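**Student:** Knowing the structure of chain V, use the given hints to seat chain F on it.
Chains as they are written, first to last, in my numbering: chain V, 1 to 117; chain F, 1 to 114.
These aren't lab readings, by the way, just hints derived from the structure by calculation. In this text, all values refer to a predicted model and were calculated from it rather than measured experimentally. Zero decoy hints are in this set.
So the derived list for chain F, only partly shown, Cβ under 10 angstroms to chain V, looks like this:
(1) Glu40
(2) Gly42
(3) Phe45
(4) Tyr48
(5) Gly59
(6) Ala89
(7) Tyr103
(8) Gly106
(9) Ser107
The beta carbon of each residue, even a glycine, is placed where N, CA and C say it ideally should be.
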Amino acid sequence: AQTVTQSQPEMSVQEAETVTLSCTYDTSESNYYLFWYKQPPSRQMILVIRQEAYKQQNATENRFSVNFQKAAKSFSLKISDSQLGDTAMYFCAFMTKYGGSQGNLIFGKGTKLSVKP
Amino acid sequence: NAGVMQNPRHLVRRRGQEARLRCSPMKGHSHVYWYRQLPEEGLKFMVYLQKENIIDESGMPKERFSAEFPKEGPSILRIQQVVRGDSAAYFCASSPITGTGGYTFGSGTRLTVV
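Isolated chain V, as found in the complex (with noise of 0.2 angstroms):
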């Protein structure tokens, strides 16, 4: 079964700094998808990137970037610039792309970043 693991439950950086969030997962797959999902306290979950695993370039959406690593199965997320509006929960997530789960996203159990003045 495929496992997603975020091993920093909190983190604080300063605003206009860079902070990296850590992720680990499990799978025995060779293609699949990976995402960071951003949870204010809103509640919303917004996708912020996602990362398919066959392409080897890291996805980059403005100032949120990955670090995939296929091989160590690691998929960290850096947000350079930090602002105040990035406080949040942020969640690594795995999705499988074949197979009979195919659809469903497997959640690791967040994040919390605070982004301080």
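**Tutor:** Chain F only, in chain V's frame:
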């Protein structure tokens, strides 16, 4: 496009009552997923539905829980005879096709059982 609409936003039920949670997917989306989030936890998959079909209910408890997505109207997650352990946030997500991820989530329904 109104996004994924969930209602109610908050729901309080006494032990033994029934809870009905509604989810209207984004326009054009025919795939609906329900997830549950316990306090201090990530979301856990419960059930995946297409119109009039349950595709995967492997994450749903065998008793008291049921889900449907009729041809017309919203998807419904129904919890019968609620217990305190059912207290959680329940999220719905939708997508136009499956297997690509990046779903659009609703804002969730927070169920409190007293």
